[in-house]
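Chemist: So you can see what is in the structure, the chains are spelled out below.
Protein chains: 2
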Amino acid sequence: MTEVLEFFFDFSSPYGYFAAQKIDALAEANGRTVRWKPILLGLVFKETGMTPLTSQPVRGEYAKKDWQRMARYMDVPWQLPEPFPVATQAAARAFYWIDDRNPDQARLFAKSLYHAYFGEGLDISSPETVADIASALFADKDELLTALKEPTVKRRIRDETAKAIERGVFGSPYIIVDGEGFWGSDRLWMVKKWLQSGGW
Amino acid sequence: MTEVLEFFFDFSSPYGYFAAQKIDALAEANGRTVRWKPILLGLVFKETGMTPLTSQPVRGEYAKKDWQRMARYMDVPWQLPEPFPVATQAAARAFYWIDDRNPDQARLFAKSLYHAYFGEGLDISSPETVADIASALFADKDELLTALKEPTVKRRIRDETAKAIERGVFGSPYIIVDGEGFWGSDRLWMVKKWLQSGGW
Chain D
1 MTEVLEFFFD
11 FSSPYGYFAA
21 QKIDALAEAN
31 GRTVRWKPIL
41 LGLVFKETGM
51 TPLTSQPVRG
61 EYAKKDWQRM
71 ARYMDVPWQL
81 PEPFPVATQA
91 AARAFYWIDD
101 RNPDQARLFA
111 KSLYHAYFGE
121 GLDISSPETV
131 ADIASALFAD
141 KDELLTALKE
151 PTVKRRIRDE
161 TAKAIERGVF
171 GSPYIIVDGE
181 GFWGSDRLWM
191 VKKWLQSGGW
Chain V
1 MTEVLEFFFD
11 FSSPYGYFAA
21 QKIDALAEAN
31 GRTVRWKPIL
41 LGLVFKETGM
51 TPLTSQPVRG
61 EYAKKDWQRM
71 ARYMDVPWQL
81 PEPFPVATQA
91 AARAFYWIDD
101 RNPDQARLFA
111 KSLYHAYFGE
121 GLDISSPETV
131 ADIASALFAD
141 KDELLTALKE
151 PTVKRRIRDE
161 TAKAIERGVF
171 GSPYIIVDGE
181 GFWGSDRLWM
191 VKKWLQSGGW
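Residue numbers (this note's numbering), protein chains in the order written: chain D, 1 to 200; chain V, 1 to 200.
None of these hints come from the bench; they were simulated from the model.
Derived DSS-like pairs (lysine-lysine); straight-line CA-CA distance at most 27 angstroms:
{"id": "1", "chain 1": "V", "residue 1": "K22", "chain 2": "D", "residue 2": "K193"}
{"id": "2", "chain 1": "D", "residue 1": "K192", "chain 2": "V", "residue 2": "K22"}
{"id": "3", "chain 1": "V", "residue 1": "K65", "chain 2": "D", "residue 2": "K192"}
{"id": "4", "chain 1": "V", "residue 1": "K192", "chain 2": "D", "residue 2": "K64"}
{"id": "5", "chain 1": "V", "residue 1": "K154", "chain 2": "V", "residue 2": "K141"}
{"id": "6", "chain 1": "D", "residue 1": "K65", "chain 2": "V", "residue 2": "K193"}
{"id": "7", "chain 1": "D", "residue 1": "K65", "chain 2": "V", "residue 2": "K46"}
Using the sequences and the hints, build the whole thing.
Modeler: Okay, structure coming up:
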């Protein structure tokens, strides 16, 4: 069985977006598969006392420049959407609902959501927009919109986030491989080293 | 005249230590020289509301692991000194005192201090230890110990830190090149891209 690499992220996280461009190829090149796991960073921050970057003085302005440069040097589409950040409950609920049916579709859906938000500036906090993106790919829009209101679907993302927090996840992106945690899109090189050297 | 790259750091900053291993070679390979500029991160944090990593829940424990892995994968000596972090007034005062006389010596002294603290675990908060390290290289120990108590020498590091804050420096390491700021040892690749591509 292929050992799994877990990729935790929030759909409103720029560094999650950047890492999402590379994580599958990185894992595949090292014989791993990726499990994509959206979380709600707002719930995570309540545990750690951390705050969204753009609400921080000085560092928030710096982050905006860092994202621009990152996109430029990685050569990926980028805009700072308005509003930013957004609530990602609808996006994450839809993800897990699709993931339970077809993980490959869910991964494709996640990439589409990220592109819609940071590539095109669409407001992905809206269930309607989320369902549009899913239905353009494969899902039945009405079925999904109905599902997004179901208590079990709502609970799922809270449970996934709580489980992630228990396992030490405190930011986005956060990667767990062989029980080892790596935080940030700027630690992908370290994940690669870890995979290539067989851990420590 | 060679354009300068400014390298801001605190002597008690692990990521400053890691960046210090590479910054000269990176600049030189791109036709730049480096001006090393120690600052007092404690004063910087008062401006931004940021706190030392190890005092932060969850993230502090993660940072300790990140430093270990960083040292391992960069193949540089590493230990988390006790105490950590330490006051770096004496170290920074001594640096500028030497720097005014001989910048090349000051750079060598800075590398020695970093190695003493993170490589060997010496407590570099003590003026005595700082003066020992300087005198092992080139300075007269008693002359330096006397200088460290002078008001102008004490004021210098506060002034340098204040100037750095005015220019947007909010962490360690922080690099300014062509007016553009880069934060963190994990942005050296971006500084390199910047230098190679001639900016934006």
